[in-house]
Amino acid sequence: MSAGAENIYLPKLAVLDRVQDEIAEVKTFYWHFEDPEEQRRFGRFRPGQFAQVSVFGTGEFPLSLPPSPTEAQTFFTARQVGSCSGSLHALKPGDQFAVRGPYGNGFPMEDYYGKNLVFVAGGIGLIPLRSCIMYALAHREKFQRIQIFLGARTSRDLMYREDLRRWEQSAGVECHLTVDRADPAWNGHVGVVGSLFKKPGIEVPVDNTIAFVCGPPIMFRFVIKDLLNMGLPERCIVSTLERYMKCGVGKCGHCCIGVAYVCVDGPVFTYEQIKKLGEDI
Amino acid sequence: MKARILNHDQVLTVVDLLRARGYEVIAPFCRDEESRRDTFFDVVTDDNRAHVRVHVANPFYPPKRYVLPHIERLFRIGTGSGTFDIQPTYEHPKRAIFGIRSCDVAGIWHLDRFYLGREFRDTYYEQRRRNLFLVNVVCSDPNVDIADECFCVCADTGPAARDHFDLQLMDLHDGEFMAVAGTPAGEALFANPVFRKGTEAHVERRRAILSDVRKRFKTTTSWFPATVRYVSQGKILDKTWEEIGNRCLECGGCTYVCPACTCFTVTDRKVGPDEIERVRIWDSCALGGFTRMAGGHNPRKAVHDRRNRRFFRKLAHYFIQRELSMACLGCGRCAAVCHGDVGMPSVVEMIRRAMGETGRLSATAGGEQS
Ligand SMILES: Cc1cc2nc3c(=O)[nH]c(=O)nc-3n(C[C@H](O)[C@H](O)[C@H](O)COP(=O)(O)OP(=O)(O)OC[C@H]3O[C@@H](n4cnc5c(N)ncnc54)[C@H](O)[C@@H]3O)c2cc1C
Ligand code: SF4
Ligand code: SF4
Ligand code: FES
Numbered sequence: 001m002s003a004g005a006e007n008i009y010l011p012k013l014a015v016l017d018r019v020q021d022e023i024a025e026v027k028t029f030y031w032h033f034e035d036p037e038e039q040r041r042f043g044r045f046r047p048g049q050f051a052q053v054s055v056f057g058t059g060e061f062p063l064s065l066p067p068s069p070t071e072a073q074t075f076f077t078a079r080q081v082g083s084c085s086g087s088l089h090a091l092k093p094g095d096q097f098a099v100r101g102p103y104g105n106g107f108p109m110e111d112y113y114g115k116n117l118v119f120v121a122g123g124i125g126l127i128p129l130r131s132c133i134m135y136a137l138a139h140r141e142k143f144q145r146i147q148i149f150l151g152a153r154t155s156r157d158l159m160y161r162e163d164l165r166r167w168e169q170s171a172g173v174e175c176h177l178t179v180d181r182a183d184p185a186w187n188g189h190v191g192v193v194g195s196l197f198k199k200p201g202i203e204v205p206v207d208n209t210i211a212f213v214c215g216p217p218i219m220f221r222f223v224i225k226d227l228l229n230m231g232l233p234e235r236c237i238v239s240t241l242e243r244y245m246k247c248g249v250g251k252c253g254h255c256c257i258g259v260a261y262v263c264v265d266g267p268v269f270t271y272e273q274i275k276k277l278g279e280d281i
Numbered sequence: 001m002k003a004r005i006l007n008h009d010q011v012l013t014v015v016d017l018l019r020a021r022g023y024e025v026i027a028p029f030c031r032d033e034e035s036r037r038d039t040f041f042d043v044v045t046d047d048n049r050a051h052v053r054v055h056v057a058n059p060f061y062p063p064k065r066y067v068l069p070h071i072e073r074l075f076r077i078g079t080g081s082g083t084f085d086i087q088p089t090y091e092h093p094k095r096a097i098f099g100i101r102s103c104d105v106a107g108i109w110h111l112d113r114f115y116l117g118r119e120f121r122d123t124y125y126e127q128r129r130r131n132l133f134l135v136n137v138v139c140s141d142p143n144v145d146i147a148d149e150c151f152c153v154c155a156d157t158g159p160a161a162r163d164h165f166d167l168q169l170m171d172l173h174d175g176e177f178m179a180v181a182g183t184p185a186g187e188a189l190f191a192n193p194v195f196r197k198g199t200e201a202h203v204e205r206r207r208a209i210l211s212d213v214r215k216r217f218k219t220t221t222s223w224f225p226a227t228v229r230y231v232s233q234g235k236i237l238d239k240t241w242e243e244i245g246n247r248c249l250e251c252g253g254c255t256y257v258c259p260a261c262t263c264f265t266v267t268d269r270k271v272g273p274d275e276i277e278r279v280r281i282w283d284s285c286a287l288g289g290f291t292r293m294a295g296g297h298n299p300r301k302a303v304h305d306r307r308n309r310r311f312f313r314k315l316a317h318y319f320i321q322r323e324l325s326m327a328c329l330g331c332g333r334c335a336a337v338c339h340g341d342v343g344m345p346s347v348v349e350m351i352r353r354a355m356g357e358t359g360r361l362s363a364t365a366g367g368e369q370s
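Chains X and L supply the protein sequences, listed in that same order. Quick note: the first sequence, position 70, residue 70 per this note's numbering, numbers continuous. Quick note: the second sequence, position 157, residue 157 per this note's numbering, numbers continuous.
Derived from the structure by calculation, the hints contain no laboratory data. Careful, some of the hints might be misleading.
Cut-off 25 Å, straight-line C-alpha distance, at most; resulting in silico cross-link-like pairs (SDA-like, lysine to any residue) [stated by the list, open to error]:
| no. | chain 1 | residue 1 | chain 2 | residue 2 |
| --- | --- | --- | --- | --- |
| 1 | L | Lys239 | L | Ile281 |
| 2 | X | Lys225 | L | Phe319 |
| 3 | X | Lys12 | L | Phe60 |
| 4 | X | Lys198 | X | Asp157 |
| 5 | X | Lys275 | L | Met293 |
| 6 | X | Lys92 | L | Arg76 |
| 7 | X | Lys12 | L | Gly80 |
| 8 | L | Lys270 | X | Gly57 |
| 9 | X | Lys12 | L | Arg352 |
| 10 | X | Lys275 | L | Arg76 |
| 11 | X | Lys276 | L | Arg292 |
| 12 | L | Lys215 | L | Arg352 |
Predicted model only: the values in this text are computed from it and were never measured.
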């Protein structure tokens, strides 16, 4: 092959360092590239980007990058749902797999300097948002208020517990948790995530605000409705879309929604853009 | 562009010249004399050279496979040494396609725009494309070259390609062919003595034949551009897409024969005790599994959503502008293979009829007492 041309389908070898249980069927995988140069190059990703992860013999699949580029560690958080995610879950520390990326547009965090950030996540929707939250906290002085609204089915479904504890205790963030169903271990708020917006004592800034919304489709629809009702403009609501993906580089055609290739034009879109894609999400 | 004349019985000299220069030459053949539609592309050998067809119905299996094989290995993964050993495999054969039709020349150009354009260049496509030489043959015999479904004349890709070939041959039907060079590599062939200079009369003859051939298409639609406009504006009713979708049997045939369809899937397979390979395989948006995600959620559940997708991708102005090339070249293959008669020309026609029916005036509307 000619010099300088890069093979866009070639993944780079990585080693699994450590696995941490998050919630049922969801684990976080800490890893690093075998080649330190690749690790440095990859480390410059943007919040909201993703990677194509290869477990050889099974295949390749997309995973978000939950760390912020301001953190030292690279890791994925993956739910076990099918063949590739199943094979990843079967790996042990020291095992090899491979990664290529980072891909996608990511969140334009610099454009949000000077604004209020409102993060709304449902379930594992927190995975891509964690990156933005950590980024915002690492550049705390660049932003106005930072609010986090997090919903989970039960208290056992809350992930990134250590981060949650830190965010709850940090003076720089307002972090509000809720669960759909109460249990004896839980003494916090009960209700869908949107119910937090109306909770006494909570006031969501509407002017000069960017709202990040990630979660299951049903939660997405309700939260969007709430935010629009509160007066947030469509272009100030951002989200990441999820589509079946095979290549991550705009060639295989699997991820298209209407006029967009989610892998290269997204996965980050404003609600204004999502509405105009011309196809159901 | 420089043009030359050569004798009818010397036209296969082009094949010989290319073979002598080290090209593997692909050319169209016909299964037997009777079955005129049973045609295929194959490698020219000493044995079959005499059977190469210049006038032939365009094979259903498009020449796309020479730049995008049906199944293509991306890399091997050795597992024997205790560490994964990733070995990419590249193929860049010195290859020429003799007798590629004008629509398919535009098809390769579309693939160039798609795979080599935008953010990323497709490495494997680029490798195969690098040494590909295209000898376009103009469809000048309406009885043989032009199938009932061809509508290149409406897609503005044929019957004579204007560019993107290395060499173009056209039968002047008087014992002579005209050769047009599209690239310096094509022009280099003119050094051979079989090529001679032509006259104004040759050029005039070419023009006259083409103007006659253009009238001989059985499938034509003046509605192609209008359809692009309506699809781009989202003006086509769900009802119309449903009507189109209801006729699709989800065989995927239209996408496999299409010279401009680009979608593929990727999978790993074990090929030996210590070896895995990753391959990409042509895929089809007509198939239900194309967008189905883990857990079963499928954003394009209904057949008509998927049908809609294929035509939206090909007709929406957004994509035409994105590639500066349209993903339908009017080759007519999808029309010929579709069991449900929802190939591109029929779809354009169904949209034309549906648009004619919308927005009808009603003289009686306006309440009871009118
Ligand atoms: C941009 C993006 C980021 C993502 N980030 C995460 C994350 O951080 N954590 C997480 O747990 N999940 C994430 N997902 C979803 C995850 O990719 C799928 O759950 C995973 O691909 C399922 O693959 P599988 O082989 O286990 O399942 P199977 O059903 O066996 O799927 C086989 C193949 O289908 C494709 N596929 C199936 N479902 C999806 C899907 N939902 N999205 C994309 N491709 C799919 C993949 O190519 C996969 O290899 C993300 C998806 C996208 C598009
Ligand atoms: S060839 Fe016809 S029936 Fe088959 S998938 Fe295409 S549109 Fe559907
Ligand atoms: S859509 Fe149909 S007519 Fe158009 S290029 Fe593809 S196969 Fe040919
Ligand atoms: S994942 Fe292949 S085109 Fe987007």
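Satisfaction of hint between Met293 (chain L) and Lys275 (chain X), Cα-Cα up to 25 Å = Satisfied, since the Cα-Cα distance of roughly 21 Å is no more than 25 Å.
*asked:* Check whether the Cα positions of Lys12 (chain X) and Phe60 (chain L) lie no farther apart than 25 Å.
replied: violated, 39 Å
Agreement of Lys225 (chain X) and Phe319 (chain L) with the hint, judged by alpha carbon distance not exceeding 25 Å: Not OK: Lys225 (chain X) and Phe319 (chain L) at ~31 Å, beyond 25 Å, violated.
Can you confirm whether the C-alpha distance between Lys270 (chain L) and Gly57 (chain X) stays at or below 25 Å? holds, 7 Å
Subject >> Hint consistency between Lys239 (chain L) and Ile281 (chain L) [alpha-carbon to alpha-carbon, up to 25 Å] >> reply: Roughly 33 Å between the alpha carbons, so the hint for Lys239 (chain L) and Ile281 (chain L) is violated.
Check your understanding: Is the Cα-Cα distance between Lys275 (chain X) and Arg76 (chain L) 25 Å or less?
Key -> violated, 42 Å
**Report entry** Pair hint outcome, Lys12 (chain X) versus Arg352 (chain L) [Cα-Cα no greater than 25 Å]
**Finding:** violated, 51 Å
**Prompt:** Are Lys215 (chain L) and Arg352 (chain L) close enough, with their CA atoms no more than 25 Å apart?
**Reply:** holds, 22 Å
Please verify whether Lys12 (chain X) and Gly80 (chain L) have alpha carbons no more than 25 Å apart.
Since the Cα atoms of Lys12 (chain X) and Gly80 (chain L) sit roughly 18 Å apart, the hinted pair holds (cutoff 25 Å).
**Given hint Arg292 (chain L) paired with Lys276 (chain X) - CA-CA distance at most 25 Å** = holds, 22 Å
- Message: Between the alpha carbons of Lys198 (chain X) and Asp157 (chain X), is the straight-line distance 25 Å or under?
- Response: holds, 23 Å
Inset, instruction - Measure nothing beyond the straight line between the CA atoms of Lys92 (chain X) and Arg76 (chain L); if it is 25 Å or shorter, mark the hint as holding. - result: Roughly 23 Å separates the two Cα atoms, so the pair holds.
Hints 1, 2, 3, 9, 10, counting from the list given before, are not met by this structure.
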